[in-house]
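> The chain contents come next:
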Amino acid sequence: MKPLAFALALLIAPAVAGAQPKKLTLLFTGDNGGEIAPCG
Amino acid sequence: MVLLDAGNALFKMAGQDEPALRRRAELILAAMGELGTAAMAVGERDLNAGLDFLKKTASSARVPLLSANLRGPDGKLAFSPATTASIGSVKVGLIGVSPASAGSGKQGIQAAPPVPAAIGAARKLKGKVDVVIALAAIPYADALQLAKEAGGAIDLILQSHEARGAGSAQGSGQNFVIPTGERGRQIGRLELDVSGTGPFLDRGQADRDRQAIAFLDRQILTTQKRSETVSSAEAKKSLADALQGFEARRRALAKNLESSPRKAGRSLDLTYVTLGGEIGEDPRLKAQVEKLEPAGSVVEPGR
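Taken in sequence, the protein lines are chains A and B.
So the first sequence is numbered by the numbering used here: it starts at 1 and just counts up by one.
So the second sequence is numbered by the numbering used here: it starts at 1 and just counts up by one.
Don't read these hints as lab results, they were simulated from the structure.
A few of these clues could be false.
Quick list of in silico lysine-lysine cross-link-like pairs, DSS-like style, CA-CA up to 25 Å [stated by the list, open to error]:
| hint | chain 1 | residue 1 | chain 2 | residue 2 |
| --- | --- | --- | --- | --- |
| 1 | A | 23 | B | 91 |
| 2 | B | 91 | B | 124 |
| 3 | B | 124 | A | 23 |
| 4 | B | 237 | B | 225 |
| 5 | B | 126 | A | 22 |
| 6 | B | 124 | A | 22 |
| 7 | A | 23 | B | 128 |
| 8 | B | 12 | B | 56 |
| 9 | B | 12 | B | 291 |
| 10 | B | 128 | A | 22 |
| 11 | B | 12 | B | 286 |
| 12 | A | 23 | B | 126 |
| 13 | B | 225 | B | 236 |
| 14 | B | 56 | B | 291 |
| 15 | B | 55 | B | 12 |
| 16 | B | 128 | B | 91 |
| 17 | A | 22 | B | 91 |
| 18 | B | 124 | B | 76 |
Excised from the complex, chain A in its bound form (with noise of 0.2 Å):
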């Protein structure tokens, strides 16, 4: 497992790149859980 902060910004850009008209693109997050680290 990944810290997701660092993960997230290498997500991002292919979903800016992958946009159309009337489709969208959502990343979410939920229950992150105060996670900063692999191990935290």
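For chain A, the structure is supplied; the task is to place chain B on it using the hints.
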């Protein structure tokens, strides 16, 4: 692209409020702000360090917090109930809702019943946006109740509270309840097509139904063969009951497949990205994390 958080991002357990954990919460909100998070619901555990801490930290990180039902000591709504985001030609309505337990009188915070508050906020958006999404930091049972009572007023309910992990979109006919992952282990990804109108169709559901039918066909065949080899009446009865169950489930799935629209007005495709070793790291954020939590400083069994 829109980046959302369904809440309970900042603290692991209710009641935690040590200075070191506040610094982690600050880092998380700062990272969410830098990533351009469009909105986050206020979950019960996000309030561990108090209303003022949360509001100030989120404000300086530029993370919009939403809650349609939390009120502060002054009796006024503590957060915006809803917001909208425009991406290209698509307009997204976002509402946030917090659990009834988030109030419990602590620090003067009061929580109104979440379901009617969320529906009230959603109805104000309907017709003005292409899709209404509830960021629901409420128990799963409440999310199901919200799905039932909201009907077409809400399209998608992204739920957090019990850390249910990843899963499929649970349809109720007019909307879907969707789990939002847990502990930073995955990111949910929804590809939406809002070109038409009406309830969403889960584009992945038909494939899952076909796979389930194939599985049931194998189970039915195996059960029929076993039934031919057993001799006791009790075992035969047991296998006959199982067979009946498999066949009933198969009929229901086949009916679903036949009745699903060939072309949906609006549709969704849900996947999760697991944050494993193959995903790269942001060196600057990694350095900030290691300042708070040096590598190897925390060890949890089984992880």
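> All hints, please: hold or fail.
Okay, the hints, checked on the actual structure:
About 10 Å separates the Cα atoms of residue 23(A) and residue 91(B), which keeps this hinted pair within 25 Å; it holds. Restraint check for residue 91(B) and residue 124(B): the C-alpha separation of about 14 Å stays at or below 25 Å, so the hint holds. Among the hinted pairs, residue 124(B) with residue 23(A) is consistent with the structure: their alpha-carbon atoms are about 23 Å apart, no more than 25 Å. Between residue 237(B) and residue 225(B) the alpha-carbon distance is near 14 Å, which keeps this suggested pair within the 25 Å criterion.
Taking the CA atoms of residue 126(B) and residue 22(A), the gap is about 17 Å. The hint holds against a cut of 25 Å. Between residue 124(B) and residue 22(A) the alpha-carbon distance is near 22 Å, which keeps this suggested pair within the 25 Å criterion. A C-alpha spacing of about 17 Å is found between residue 23(A) and residue 128(B), which places the hinted pair at or below 25 Å, so the restraint holds. Annotation: proposed proximity of residue 12(B) to residue 56(B) holds, straight-line Cα distance about 20 Å (limit 25 Å).
Taking the CA atoms of residue 12(B) and residue 291(B), the gap is near 19 Å; set against the 25 Å cutoff, the hint holds. About 15 Å separates the Cα atoms of residue 128(B) and residue 22(A), which keeps this hinted pair within 25 Å; it holds. About 20 Å separates the Cα atoms of residue 12(B) and residue 286(B), which keeps this hinted pair within 25 Å; it holds. At most 25 Å may separate the alpha-carbon atoms for a hinted pair to count; residue 23(A) and residue 126(B) meet this at roughly 18 Å.
For the given pair, residue 225(B) sits about 11 Å from residue 236(B) by alpha-carbon distance, which is consistent with the 25 Å threshold. The hinted pair formed by residue 56(B) and residue 291(B) meets the criterion: a straight-line CA distance of about 22 Å does not exceed 25 Å. Among the hinted pairs, residue 55(B) with residue 12(B) is consistent with the structure: their alpha-carbon atoms are about 19 Å apart, no more than 25 Å. Our distance criterion of 25 Å between C-alpha atoms is met by residue 128(B) and residue 91(B), whose separation comes to about 8 Å.
The straight-line distance between the Cα atoms of residue 22(A) and residue 91(B) is roughly 9 Å, inside the 25 Å bound, and the hint therefore holds. Taking the CA atoms of residue 124(B) and residue 76(B), the gap is near 19 Å; set against the 25 Å cutoff, the hint holds.
In this structure, none of the earlier numbered hints is contradicted; all agree with it.
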